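*Asks:* The task is simple: from the sequences and hints, build the whole structure.
There are 4 protein chains.
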Amino acid sequence: MKYPPIQYHDYLHLDQLLKSQTLRSETLGTKAHDEMLFIIVHQTYELWFKQMLHEVDSVLATFSESSVPEEKMGQAVARLERVVEIQKFINGQVDLLETMTPLDFLDFRDYLYPASGFQSLQWRLLETKLGLKMDQRFSFQDSPFFKQLKSDQQAEIQSALTSPSLFDLIQNWLQRTPFLQTQDFTFWSLYQDRVRRLFQEEREVITRNPRLSDQEKQRSLHQTQISEEMFESLFNKEKFKKLQQDGYFRFSFEAIHAALLIQLYRDEPILQMPHRLIQALIDLDEYMTQWRYRHAQMVHRMIGQKIGTGGSSGHDYLKKAAEHHKVWKDFFNLSTFYIPRSQVPPLPRELMRKMRYSEV
Amino acid sequence: MKYPPIQYHDYLHLDQLLKSQTLRSETLGTKAHDEMLFIIVHQTYELWFKQMLHEVDSVLATFSESSVPEEKMGQAVARLERVVEIQKFINGQVDLLETMTPLDFLDFRDYLYPASGFQSLQWRLLETKLGLKMDQRFSFQDSPFFKQLKSDQQAEIQSALTSPSLFDLIQNWLQRTPFLQTQDFTFWSLYQDRVRRLFQEEREVITRNPRLSDQEKQRSLHQTQISEEMFESLFNKEKFKKLQQDGYFRFSFEAIHAALLIQLYRDEPILQMPHRLIQALIDLDEYMTQWRYRHAQMVHRMIGQKIGTGGSSGHDYLKKAAEHHKVWKDFFNLSTFYIPRSQVPPLPRELMRKMRYSEV
Amino acid sequence: MKYPPIQYHDYLHLDQLLKSQTLRSETLGTKAHDEMLFIIVHQTYELWFKQMLHEVDSVLATFSESSVPEEKMGQAVARLERVVEIQKFINGQVDLLETMTPLDFLDFRDYLYPASGFQSLQWRLLETKLGLKMDQRFSFQDSPFFKQLKSDQQAEIQSALTSPSLFDLIQNWLQRTPFLQTQDFTFWSLYQDRVRRLFQEEREVITRNPRLSDQEKQRSLHQTQISEEMFESLFNKEKFKKLQQDGYFRFSFEAIHAALLIQLYRDEPILQMPHRLIQALIDLDEYMTQWRYRHAQMVHRMIGQKIGTGGSSGHDYLKKAAEHHKVWKDFFNLSTFYIPRSQVPPLPRELMRKMRYSEV
Amino acid sequence: MKYPPIQYHDYLHLDQLLKSQTLRSETLGTKAHDEMLFIIVHQTYELWFKQMLHEVDSVLATFSESSVPEEKMGQAVARLERVVEIQKFINGQVDLLETMTPLDFLDFRDYLYPASGFQSLQWRLLETKLGLKMDQRFSFQDSPFFKQLKSDQQAEIQSALTSPSLFDLIQNWLQRTPFLQTQDFTFWSLYQDRVRRLFQEEREVITRNPRLSDQEKQRSLHQTQISEEMFESLFNKEKFKKLQQDGYFRFSFEAIHAALLIQLYRDEPILQMPHRLIQALIDLDEYMTQWRYRHAQMVHRMIGQKIGTGGSSGHDYLKKAAEHHKVWKDFFNLSTFYIPRSQVPPLPRELMRKMRYSEV
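Line order of the protein sequences matches chains A, B, C and D. Going by the working numbering, the first sequence opens with residue 1, and the numbers climb by one from there. Going by the working numbering, the second sequence opens with residue 1, and the numbers climb by one from there. Going by the working numbering, the third sequence opens with residue 1, and the numbers climb by one from there. Going by the working numbering, the fourth sequence opens with residue 1, and the numbers climb by one from there.
Mixed in with the good hints, there may be bad ones.
[What the hints assert, rightly or not] Cut-off 35 Å, straight-line C-alpha distance, at most; resulting in silico cross-link-like pairs (DSBU-like, lysine-lysine):
| no. | chain 1 | residue 1 | chain 2 | residue 2 |
| --- | --- | --- | --- | --- |
| 1 | B | K306 | D | K320 |
| 2 | A | K88 | C | K239 |
| 3 | A | K133 | A | K72 |
| 4 | A | K147 | B | K50 |
Keep in mind that the hints were calculated from the coordinates and are not lab data. Bear in mind that the values here come from a model prediction, so they are computed numbers and not experimental data.
*Replies:* Below is the structure:
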């Protein structure tokens with residue numbers, strides 16, 4: 001009662017909100033019943049994009065600090081997990097849109113030209129703030145989305161591009177992981193030794209296997225060698241640079257090491273939240289990928305495809321975006337370098353001490 | 001290219017839409033991060049309510065005609081099924097709202113007074129247009145929702161209350177089912193005979209059962225008698241009136257008969273769509289009930305409960321609404337009167353002919 | 001009470017069912033907690049596959065008849081819609097599997113060799129019975145799945161391959177559509193006329209457009225010509241054959257015509273269920289595609305990818321399968337040939353009469 | 001290759017699993033198509049129950065220790081969250097079951113007597129292991145579920161009843177929270193002071209409010225007093241005992257205090273995981289409640305209701321179970337005692353130090 005009273009209707013600006021649906025079919029021709037669904041689906045998408053940006057912005061602020069105190073980790077993780085839940089939820093809206101048949105869509109499709117979901121500023125901002133770079137987008141020279149935006153919208157994208165993205169900030173945060181810089185920390189040589197021993201054992205198993213012919217043994221040993229060489233890239237900065245050039249990893253040598261440490265020793269109290277943070281980012285990438293892919297399917301279903309093509313340009317773009325616009329692919333690829341937990345070397349005693357609550 | 005070009009941003013009125021989130025906590029005190037989520041959740045609810053009303057209005061229009069041609073049934077069913085899909089979908093939004101903890105809610109709860117979801121005009125309109133009557137609402141004398149609305153909103157509800165609801169129109173449509181009025185149609189006596197024979201058989205099975213004691217036989221025979229008496233209400237207009245007075249059925253004697261016919265003979269071509277229509281209405285009731293119940297749970301979780309009560313008044317209201325605000329309970333209760341398909345009497349030949357395509 | 005009593009536990013064979021989880025990690029080494037999840041996820045998949053096959057088999061039986069009576073359509077559609085609901089539901093199980101991290105998977109992964117989901121007989125049967133042909137699978141010569149099956153399983157697949165698939169039966173059913181054979185039915189010439197007129201109008205709009213340069217007009221007119229030529233394939237059996245050779249359509253000329261008729265005139269009573277049947281098949285393809293794609297993502301996340309490849313062979317296979325193993329692509333591509341409903345020519349009077357209930 | 005090879009089919013015991021569906025309708029009468037769905041739905045439920053028990057058992061083991069090291073918290077929380085995801089997922093199976101209509105159910109319902117979901121041992125074990133006590137079940141004297149189980153199943157329940165439940169172990173764990181026993185920790189008096197001051201302020205706001213009549217002021221002040229008295233129960237062990245007797249709280253005085261501390265100071269590093277643990281338990285209760293409620297709805301829809309009753313006994317039982325069989329209601333009710341974060345007193349410096357990583 002301390003504050004001026006407010007009604008639900010006014011609080012939510014419902015007058016404004018519920019008058020924001022103008023059916024072009026009605027204005028310019030014959031009212032098409034399903035245009036309302038089309039509008040509502042896209043408007044709710046945009047409201048949820050706003051919410052996602054709200055969360056991502058707050059996480060960006062947290063990680064912009066020169067150090068992120070542990071007491072802020074719980075909140076940052078919870079907010080990223082909320083973004084994941086929202087993305088997962090709105091993936092289900094495609095089902096609602098598909099209750100509209102292609103024939104129903106044709107009733108108003110012509111009135112919409114050239115409006116297109118490609119012009120969604122908020123989605124582009126979201127991708128950009130998370131860390132999708134212009135030169136990573138599959139068609140960058142003649143950027144299909146940038147040119148379609150209004151000039152103030154382009155400026156907003158430009159500003160996001162020149163600010164540190166979540167990818168940049170997470171990289172910085174990973175690089176700062178103190179446990180990697182401890183002088184006496186010989187972890188990586190320990191890990192390397194263990195990996196080499198595992199491969200040595202694998203070679204012996206193959207060589208001794210009586211069920212394998214010589215040719216099969218050769219083939220298996222060759223496979224093993226290739227795998228071992230991959231692991232070597234992890235221990236050798238020069239070889240690692242090659243992985244970066246090939247687009248296999250975008251993170252720095254140090255950041256990848258920190259991420260691997262977090263994932264392998266996730267049960268240490270101080271790494272529990274960082275582990276969850278990484279899981280949330282993997283989930284987010286996966287659901288955003290699904291979103292693009294589902295829309296690709298939906299476009300095919302809705303407007304068919306020209307003969308001799310892999311679908312409309314929209315269908316094609318969305319499929320390629322699903323494939324290539326991953327921001328956190330490094331975390332997916334990192335799985336290549338795990339070894340079974342039973343083989344993971346124990347942490348040095350001093351290091352473990354720092355990862356736990358000493359006094360409780 | 002025949003029409004003036006339009007951009008995505010303008011088509012969706014995004015300027016207006018994305019500026020409709022005013023955080024009261026920011027205006028009146030300290031910005032509470034999660035107030036944005038609270039607003040977006042309710043705004044997307046309202047947008048979906050608008051869509052549901054859009055569909056329900058169109059179905060109302062179809063069923064307002066003095067006869068509903070079969071070629072309109074497919075569309076009417078598809079639109080009701082869409083309403084069902086939307087209701088099912090937004091039930092999942094409760095999960096998103098619950099990513100906000102009670103403590104986060106407390107950060108801005110005081111600023112919202114006395115705004116409340118009870119003031120949602122669109123939800124009330126939806127309930128009303130579907131057929132929820134004022135005297136059916138569990139607290140009708142001192143109507144908790146009506147008094148909280150603005151006067152123009154009250155007028156809108158009043159107007160909906162005095163127009164035929166979907167319940168009314170579906171009842172009319174059922175009553176018009178031509179197959180019930182065929183002179184020589186002896187279906188109900190056939191059905192009654194069959195039911196009586198089934199109960200007779202059941203009595204014999206009980207009486208002859210060597211594993212049952214006399215006392216058990218008495219009890220079973222008593223149960224059978226009660227069940228048979230229930231079925232008698234279906235064949236006797238006076239007894240049926242009793243069911244209506246008890247609130248067991250709201251539909252008329254004729255409408256219930258038609259509904260039973262549709263459900264039992266749903267495979268007849270002309271009844272396939274009517275059957276789906278009834279299924280959609282049952283689904284809708286079920287998902288609306290879940291929506292109310294989930295919100296009751298959410299309110300308990302979010303604000304706890306006063307000692308000695310069954311929760312807050314909000315929690316309590318929602319639980320009772322879940323229980324009592326069913327519009328299509330008749331269709332649920334109708335299941336009581338089905339008999340196994342193997343026992344359902346075949347339709348008279350002449351009648352069956354009318355339900356099929358004669359010439360194809 | 002007429003039948004011998006049965007308990008829940010025995011009815012469901014729970015003794016057997018709940019003893020079917022043997023953790024290889026426990027038998028051969030150290031028990032890995034998450035192996036249970038891995039087993040349960042795959043076992044529930046297989047139970048649902050059994051249910052899907054149960055439904056598909058019953059629909060196959062219905063459509064195997066030389067004519068499908070209308071009174072069987074409601075049931076067939078309901079069963080296909082159930083298959084769709086199941087597929088949609090189990091897509092969500094991927095989320096459950098992903099609560100297992102790659103490191104948890106490593107705890108037992110070695111024990112599973114060479115078991116793999118590729119060896120699921122039921123999934124292959126499902127694909128085959130729906131209509132996926134061997135030469136349509138992206139790697140058919142050296143069939144990766146066939147060779148991994150046991151010989152009795154191979155025989156089962158072989159038998160399914162030599163029986164009519166749902167694709168075959170639906171094609172037959174479409175070809176039998178009586179409305180296409182009516183002597184005086186001039187529908188296709190009507191449709192062709194309408195299409196040509198629409199293209200003519202489009203050309204005029206382009207030519208008269210003062211905002212377009214000559215070069216732009218040339219380009220637009222060229223596009224229009226390409227589109228028009230596509231439509232011509234629909235009216236000319238020779239040109240249509242070209243579409244089939246390119247893999248654009250698999251259905252026959254007649255089947256495609258029938259499908260187009262159903263989709264364009266879906267409101268006619270006799271076409272309402274056929275329309276729903278086609279919608280269900282489109283939905284099924286879309287959810288099966290999502291299932292494959294989601295598993296591709298999951299594999300990437302779970303085991304990473306070798307350098308210089310597009311992922312593991314599993315990841316790669318699943319992505320290609322998502323792309324190419326569509327059974328009902330024809331129905332997706334059909335959308336290319338719709339014209340706005342306002343332009344669709346009315347049905348001849350005599351034909352319309354046959355599609356409606358004459359006597360009611 | 002170190003281990004004997006295994007095929008997918010054998011690994012999953014598919015021979016056994018896929019032969020565990022015996023349709024009683026087929027054995028005893030006429031095969032009812034939908035009995036398969038009925039069986040598969042319940043079998044997949046039981047498989048998921050097994051998985052949930054697998055997770056709950058492992059969490060029970062963790063919390064059975066006399067102290068739970070922080071490095072085990074991440075895993076325990078992840079496993080409970082998995083149980084939540086499973087429960088949420090299988091709630092969706094009700095939709096699949098409801099694709100079976102009441103008439104389809106009648107085709108085989110008689111063959112199932114007296115089998116019933118009430119006889120599910122695993123579900124009862126799950127409830128019991130989580131902490132549902134016999135005397136908390138709404139019908140305990142003449143226990144409807146206990147008597148229906150086989151004797152070895154009853155023994156299993158009995159054993160679970162006499163072992164510490166998760167509720168018991170969580171209570172112990174809460175009571176052990178070290179921060180509550182610190183000698184100089186004056187937290188509760190601080191909290192009490194703050195609460196009293198807040199109520200004092202509220203009284204002043206009411207008294208000074210010029211818009212309120214004297215009568216309204218009296219009423220508001222009375223409400224405030226009731227609320228304040230509730231809070232007093234939190235600080236006074238005798239008054240708290242009253243809350244326990246009324247069933248408002250089941251936890252001990254100390255456990256409730258610890259839970260409140262965790263929720264209010266959840267951002268402290270050492271409390272982040274405990275906070276998530278509590279959230280997971282709240283979520284679990286909510287989804288289990290929904291499951292019961294959805295099944296109540298389903299039963300009403302499937303078999304109708306007898307006149308003059310609130311539904312069948314099954315419907316009735318499930319609704320009451322939804323209402324009363326909450327295990328973690330304390331955590332819901334705890335929300336009643338939160339105060340706005342801006343008012344929460346800061347932790348004593350020494351205490352805060354112990355909740356953070358001192359040396360990193």
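*Asks:* It remains to establish, for every hint, whether it holds in the given structure.
*Replies:* Quick rundown of the hints versus the structure:
1. B/K306 - D/K320: holds (21 Å)
2. A/K88 - C/K239: Violated - the C-alpha atoms of C/K239 and A/K88 are around 44 Å apart, more than 35 Å.
3. A/K133 - A/K72: holds (27 Å)
4. A/K147 - B/K50: holds (34 Å)
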